[in-house]
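Keeping their order, the protein sequence lines are chains A and B.
Remember, this note's numbering sits 11 above the position in the first sequence when you count from 1.
Remember, this note's numbering sits 989 above the position in the second sequence when you count from 1.
Hints should not be assumed to be uniformly reliable.
In silico DSS-like links for lysine-lysine, alpha-carbon gap of 27 Å or less [what the hints assert, rightly or not]:
| id | chain 1 | residue 1 | chain 2 | residue 2 |
| --- | --- | --- | --- | --- |
| 1 | B | 1093 | A | 604 |
| 2 | B | 1093 | A | 681 |
| 3 | A | 512 | B | 1067 |
| 4 | A | 517 | A | 309 |
| 5 | A | 462 | A | 475 |
| 6 | A | 525 | B | 1093 |
| 7 | A | 569 | B | 1093 |
| 8 | A | 588 | A | 604 |
| 9 | A | 588 | B | 1093 |
| 10 | A | 14 | A | 475 |
| 11 | A | 739 | A | 681 |
| 12 | A | 512 | A | 375 |
| 13 | A | 517 | A | 569 |
Just some of the chain A residues that point at chain B, by a computed CB distance under 7 Å [what the hints assert, rightly or not]:
| id | residue |
| --- | --- |
| 14 | 523 |
| 15 | 526 |
| 16 | 530 |
| 17 | 825 |
| 18 | 827 |
| 19 | 830 |
Calculated from the structure, these hints are not laboratory results.
Here a beta-carbon is modelled for each residue, glycine too, at the ideal position from N, C-alpha and C.
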Amino acid sequence: MSKQLIVIGNGMVGHHFLEQFAGTPAAAQYQVMVFGEEALCAYDRVHLSEYFDGSTHEDLSLAPLTWYQEQGIDLHLGECVTGIDRDKQVVSTDQGDYPYDALVLATGSYPFVPPIPGHEQEHCLVYRTLDDLDAIRSSAQGVKKGVVVGGGLLGLEAANAIKQLGIEAHVVEFAPRLMPVQLDDEGGQVLKDKIEEIGVQVHTEKATSAIVPGQEHRLRMEFGEEDFLETDLIVFSAGIRPQDALARSCDLEIGDRGGIMVNNHCGTSDPAIFAIGECALWNQQIFGLVAPGYTMAKTLSSHLNGDTEAAFTGADMSTKLKLLGVDVGSIGDAHCKTPGARTVRFLDESNGTYQKMVISQDRKKVLGAVLVGDNSRYDTLLQYMLNGIDLPENPQSLILPAGDGEAPTLGADALPATATICSCHNVTKGDICCSIDAGALDLGSVKADTKASSGCGGCTALLKNVVESELESRGVEVNKDICEHFPHTRQELVHLVQVGKIRTFKELLEKHGKGRGCEICKPAIGSILASFWNEHVHEPDHVPLQDTNDTFMANMQKNGTYSIVPRIAGGEITPEKLIVLGEVGKRYGLYTKITGGQRVDLFGATLNQLPLIWDELLQAGFETGHAYAKSLRTVKSCVGSTWCRYGVQDSVGMAIFLENRYKGLRSPHKLKMGVSGCTRECAEAQSKDVGVIATENGWNMYVSGNGGMRPRHADLFATDLDDQTLVKYIDRYLMFYVRTADRLQRTSVWLENLEGGLDYVKDVVINDSLGLGEELEAQMAHVVDTYQCEWQSALADPDKLRRFREFVNDQRDDPLQQWVPERGQKRPREMTAKEKLIAVAS
Amino acid sequence: MSKQTQWITVCNQQDLVADTGIAVWTEDGPVALFYLPDTEQQIFALSHYDPLGGANVLARGIVGDIAGEPVVASPLYKQHFSLLDGRCLEEDGVTVASYPVRLKDGLVELNLSQSQSQSQQTAVA
Ligand code: SRM
Ligand SMILES: Cc1cc2nc3c(=O)[nH]c(=O)nc-3n(C[C@H](O)[C@H](O)[C@H](O)COP(=O)(O)OP(=O)(O)OC[C@H]3O[C@@H](n4cnc5c(N)ncnc54)[C@H](O)[C@@H]3O)c2cc1C
Ligand code: SF4
Ligand code: FES
């Protein structure tokens, strides 16, 4: 008969143990039963706060219930273990008694609530479980203010959550600084300043003596005479305590300050009982992070499988976080406690960054670090510390801002095989190499194999570097094929099109691909063909290549209607034209809005209406704005020298000129530009793919800026250019990008991935190092000369117009498109879930 | 009149556009017709309704193949639906109706009664 293994606690570590144990030889000898006090199966507590961003339990859960079934695990959720009888080897719950042969305690910890008089009343809450978050959410309904007690890591996370709920957030900390465990005074101060800037008020050195009913808010926290703070709810986050109540009740050995004492293989004072995770005390230490708990889980699984070598030997407690949007990092000996250790510090109060490095007496090794406001050095410093790598000549260069020289980053190849890359899953560089040698040939497979970066995600960038550098050193080509139909990158396809003078997708497919293509290769190749030959997107050969937005030359919205964005070059528009937009909007009942690109968007046009509307717009002198296409969107301008008292050049004139020159240029991704009339930069040109800023002597040109998902400040490319040179450089720069970038790569990402980077592009464009200059200009000239407004040509061609029919056999509009009024205009009516169902099942 | 066994005419062959889709209105609601002239079957008919995007848009997706199976990618969120049986390749259990369709004397005919899925589409009026 098989033996019984019972796990108490279905939290992160308990679950990790199940994952590690499942499928091992020992698992075959045991029947596994798990008790979880919470009603839901194990979820990612580390990312708990995402629950307030809309993540559900399902998103956060570590495995679906079916996984437990597949593993034959008997999972008892919502069933709390209330006692352990060690003599009889039985655990009991309110639902029964269960015998065990081996018992694993993975009960985690509980939030410590200081015994302040009044702490047990309503609206005094904690932050540990999904239930706690639900309670916070409902307590915050309709009130104005919340306080978090405790300015540690979790406290700040809780404060952020409260802020996200839309109420005023305060943090009350007993110590003189925030994050007393991880930070020093100066780091704490920088963090405090930054957090207060975001609107969370911090009160340090405050001890609450009582919580009593408030006058303006529900509660009043009394600090001392006349000193108090009123609030509607309080979240206690004053530290955690190991959940060792069960272990105490059955007299297992417990540490003086709590925690179930364990040895190197996680055994307790009873040989049949083990403890892992935050409830376990090893070498007088409790580990309040998930990574050490995972290591314990792995050790225990190996131990149960008879591996006598397996041992837990402590863990690194370095942490890297983004708290309320502020980077905070703490590495190793942050408080400089090692005898003889010294610090190297850099404090920039104006930017709110603080970087401190603790180094050994002989100045050779990194012992620890504190980073606030900028974590970009974290990975490098951590690797120096963990691997005892010798410091460079000027250790200060590791923390000083780059600019004067380059910041020495540690290349992935400089790391030893023992270097830990992912601490959550304890994956070393050596493990990654093994996985690659065993056949994992891309990042995805290495991830699946080693689980690296599937924990907190903090190691993602480093992991990618290591994998790519290892693959490269093995001569493996990283698969960059565009899709299953073409064994080529976008850049290779560009060459094939150019060299073979290929003009249609079919021809390219026949010669260099297979199958029928797909929504990835078709638009990409459509764009390449257009950038070489500039034929109308409605030519029969090109029609099937276009996304719906390109096909109908408008942007599809959520309900299947389209939006219309006429070009308003440089954002300059006459009152007459504005009136036309207003009239057209009114006539067709369109929702109108000013876009982020200095022009007007008209929403809610049906397919049937598009040609009618465009007919009116063209007659009034408008042309397409290409808001639908991977091509030039807008050239944002400021008013410049014609009106502005500071302007030194005509920025509007230049913006209009550039917009008209590059409109219609098909590119790997959309392109945006900006022109400012002086250094005040009101056009935000430095966030654009091409930015132009006026100087006394001409124009400064900036490249590869980006807003959007990952904003990037543009790089200064050339200074004091005259009009002609500016245009020449932009021609070359854009064409070089069009030719060499990957599909859907903005100029920012392109530049960052280009070997040689900015200097290389400068060399190609300014010094003409490849001798391509004239060719690139000629190609641009061809695009400029063959420009046609696609709407103009579409309206002139009855064949093209036939496509603008909602239903080819019926005049009606789509009856699913319905509207509700909003702020004097209309918007799509949301379908209820029920209506959606009716719409599918009739 | 029973629609049980009837083939109905929905449009002319010239209304079709090679390698892409168009929509027609039927008594069952909107249907998307895809014309792939170099395949044996040539015309494929699916419901026009994208159940994942919640709008009548499928005819306006890009047509292609995934591992040889002809598909359309929804223009809203890019899930693929098989032109053969309306099955969604990304979401288990999601299928849109597919219909027998044929060309007869230059006319395109549909057979609504033999929809390949329970989930026929009807407009919410
Ligand atoms: C309409 C507009 C919002 C508005 O009401 O203001 C808008 C709307 C859309 N943007 Fe945008 N963006 C608009 C200005 C911007 C700006 C501001 C700007 O241009 O100065 C940005 C940041 C600047 C930048 O791009 O660097 C912006 C960054 C994005 C991004 C992120 C790009 C990135 O590199 O991270 C996307 C997603 C993408 O392109 O992949 C996006 C995608 C979209 C899409 C295409 C999303 C979609 O698929 O539906 C929206 C379609 C437009 C439509 O239906 O007409 N939109 N979008 C703005 C149109 C400007 C115009 O006149 O053409
Ligand atoms: C908001 C938040 C953010 C965090 N961020 C990070 C981070 O960025 N990085 C990091 O490393 N760590 C972070 N942590 C800590 C991390 O979540 C814990 O280290 C980890 O969850 C510990 O796992 P565990 O299994 O030991 O405990 P838990 O995950 O707490 O699981 C213990 C489980 O046992 C159950 N249990 C207890 N007693 C019984 C009983 N008698 N019967 C049945 N069930 C019982 C409990 O209900 C609980 O579900 C964070 C924690 C929180 C709350
Ligand atoms: S950038 Fe210069 S010219 Fe333009 S509006 Fe601002 S101050 Fe005036
Ligand atoms: S370090 Fe957390 S996932 Fe790798």
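Hint check:
1. 1093/B with 604/A: Roughly 48 Å separates the two Cα atoms, so the pair is violated.
2. 1093/B with 681/A: Distance ~44 Å between residue 1093/B and residue 681/A Cα, so the pair is violated.
3. 512/A with 1067/B: Roughly 31 Å separates the two Cα atoms, so the pair is violated.
4. 517/A with 309/A: At roughly 54 Å apart (the allowed maximum being 27 Å), residue 309/A and residue 517/A break the hint.
5. 462/A with 475/A: 13 Å, holds
6. 525/A with 1093/B: Distance ~31 Å between residue 525/A and residue 1093/B Cα, so the pair is violated.
7. 569/A with 1093/B: 36 Å, violated
8. 588/A with 604/A: 15 Å, holds
9. 588/A with 1093/B: Given that 27 Å is the threshold and the Cα spacing comes to 50 Å, the pair is violated.
10. 14/A with 475/A: 43 Å, violated
11. 739/A with 681/A: 20 Å, holds
12. 512/A with 375/A: 60 Å, violated
13. 517/A with 569/A: This hinted pair is violated, its Cα atoms lying about 31 Å apart.
14. 523: Violated: closest Cβ of chain B sits about 16 Å from residue 523/A, beyond 7 Å.
15. 526: Residue 526/A check passes; min Cβ-Cβ to chain B is 5 Å, inside 7 Å.
16. 530: 4 Å, holds
17. 825: Residue 825/A check passes; min Cβ-Cβ to chain B is 5 Å, inside 7 Å.
18. 827: Holds. Min distance 5 Å.
19. 830: 14 Å, violated
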